[in-house]
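Residue numbers (this note's numbering), protein chains in the order written: chain S, 1 to 387; chain A, 1001 to 1194.
What the hints contain is simulated information worked out from the structure, not anything from laboratory work. Being a predicted model, the structure only gives us computed values, none of them experimental.
With a straight-line Cα cutoff of 20 angstroms, these simulated SDA-like cross-link-like pairs (lysine to any residue) come out:
| no. | chain 1 | residue 1 | chain 2 | residue 2 |
| --- | --- | --- | --- | --- |
| 1 | A | Lys1103 | S | Ala96 |
| 2 | S | Lys141 | S | Ala112 |
| 3 | A | Lys1166 | S | Thr199 |
Covered by chain S, according to a simulated footprint, are these stretches of chain A (three or more residues, beta-carbon under 8 angstroms):
| no. | region |
| --- | --- |
| 4 | 1063-1077 |
| 5 | 1092-1098 |
Note that CB positions come from ideal geometry on N, CA and C, so glycine has one too.
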Amino acid sequence: MYEQMTNLLIQIFSQALHLVANRLVPLVEAGAPVEASGNVPTSTVYTTLIVLGALGIVFGVALALVAARFVVKMDPKVEQVREALPGANCGACGFAGCMGYAEAVVGNPDVAVSLCAPGKSAVAEKIAVITGKRAEKMEPKIARVFCQGGTSLSQKKFIYTGVQDCTAAVLAAGGDKSCEYGCLGYATCMRACPFDAITMSADNLPIISPEKCTACGKCVAACPKQVIELAQSSKAVVISCHSRDKGVDTKKKCQVGCIACGICVRTCPVDAIRIDNNLARIDHAKCIVCGLCVRKCPTSAIFDYIPERTRAYIDPAKCDGLDVCAKVCPVNAISGDLRKVHVVNQQKCIGCGMCAPRCPKKAITMVEAPPAFAAEEKTKAEEPVAV
Amino acid sequence: MWQHVLTIFIASALINNFVFSRYLGLCIFFGVTKRMETAIGMSFTFTAVMLVEAVLNWAIYNYVMTPYHLGFLKIVIFIGTVAAFVQAADTIMKKVAPALYYKLGIYLALIVTNCIILAVPLINADENYTLFESMGLAVGSGLGFSLALTIMASIREKLELADVPKSFRGLPISFVLTGLIALAFLGFSGMITL
Chain S
1 MYEQMTNLLI QIFSQALHLV ANRLVPLVEA GAPVEASGNV PTSTVYTTLI
51 VLGALGIVFG VALALVAARF VVKMDPKVEQ VREALPGANC GACGFAGCMG
101 YAEAVVGNPD VAVSLCAPGK SAVAEKIAVI TGKRAEKMEP KIARVFCQGG
151 TSLSQKKFIY TGVQDCTAAV LAAGGDKSCE YGCLGYATCM RACPFDAITM
201 SADNLPIISP EKCTACGKCV AACPKQVIEL AQSSKAVVIS CHSRDKGVDT
251 KKKCQVGCIA CGICVRTCPV DAIRIDNNLA RIDHAKCIVC GLCVRKCPTS
301 AIFDYIPERT RAYIDPAKCD GLDVCAKVCP VNAISGDLRK VHVVNQQKCI
351 GCGMCAPRCP KKAITMVEAP PAFAAEEKTK AEEPVAV
Chain A
1001 MWQHVLTIFI ASALINNFVF SRYLGLCIFF GVTKRMETAI GMSFTFTAVM
1051 LVEAVLNWAI YNYVMTPYHL GFLKIVIFIG TVAAFVQAAD TIMKKVAPAL
1101 YYKLGIYLAL IVTNCIILAV PLINADENYT LFESMGLAVG SGLGFSLALT
1151 IMASIREKLE LADVPKSFRG LPISFVLTGL IALAFLGFSG MITL
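Chain S on its own, in the form it takes in the complex:
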């Protein structure tokens, strides 16, 4: 049976080849007279073609059989999710690569769609559409550096000349910086960042680009001093210091450290700040990002990531005097009688933006600071705060 079939195949092949060869050989001789025609016997041409063709068929059939026998039923959704993901395989989701997450999110109903940090909410929504899960609101995060004490503002314990890397420097008595909690400035985080979001400032502190940072957490893991943390990017006011030394000691080591004086605690309109272990901490669930504490901090240890704050402005034509804004304002900058047009006291307004979304008449807009305020802001910005 097998013999017959191979014989038959060979016969068919040779017949076909005869036809082709009879037409081909004269052509070759005419076109390339000496070298190409050579003395290759026609039988070699046949056997070559037969063997190659037969091998091709054997491999093809074998592969087809293998593919049919070992078919893996893949949910097409997995492939769709995989395509929606960024494909950086960073592992921020907690699974082994993007493929692992795609399988988990499709197969397991308990895996949330919002675990991809680099993809942010856009990817979460795509995955939610594919898997039919609900995408909960995803608070965008960003890496924040909790140290402002660059080389010019902080003291050194000794001169370090070893390998220029924080993980190596920390092995030498905890690094050369006097402050145990501060950034060593040897750019380990910069090299760890897969998205090139970190650059080093002239003062040897990492600067994180808000556009490029995807909150994957690679720098957080790389920093031997735990100076970098992931924080909600909307909560733009942070206490940029991790020093748990006593105020006096902090002051000796660094000009911009938190000395736990408690002024911010008393300033905060919503009681979001408390002092714990000689370090002020902001409860970001309570914080309204008003920026009051930033102005009051005597050592400028609190940093405001909002580059320029706007001011509230009430359009008199739209204002119905409903008084909602005045109740919301944390600094009582809005005044006016009920049912009368309200005004914003530009001196008091801190640009927190709490009132604008609350106005039922949409009469409040946030505008650029008036000239008098802009000048004041500028002097503030010129202070040596390098983050």
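Put chain A on the given structure of chain S with help from the hints.
Then chain A, alone, in the frame of chain S:
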């Protein structure tokens, strides 16, 4: 005969090490040695594919190509066999051992176009090795390549922390290192004479 197989095995692993003496397979060698984990994964996959490949190609060469005087088709047919086998292995592994597939699957695609994989059956054919000699060469070459990968990966992991001059960073210093290791491997030559 077994003595000869052993000689071939040791010779291909150390003396004629594919990376350090014949300068083959350098693309994979530099590609996967950045991390020890990938280097080890590649080593296992490579040696396994090499062994099966040598047997398959030995059979095809001796039972198909030699009788029909098709020795000149070695390159074409050997590449075809490698591609077909690797594809089949890929499909089977995905079904039978998904965990292994996700660990080693990416290396399989790299292996198809590797020059050592092609060189081993070509040498087997040229030297008219027997089945066991072919297997000896395949395992020897596989282990030799694994040795090269392991040495290089362990050095390159340390290299990450070294203060390398800027113009030498990355691939250039790796080439310098490879040259130095190749010099060291010259010490094996003359240990066995074939």
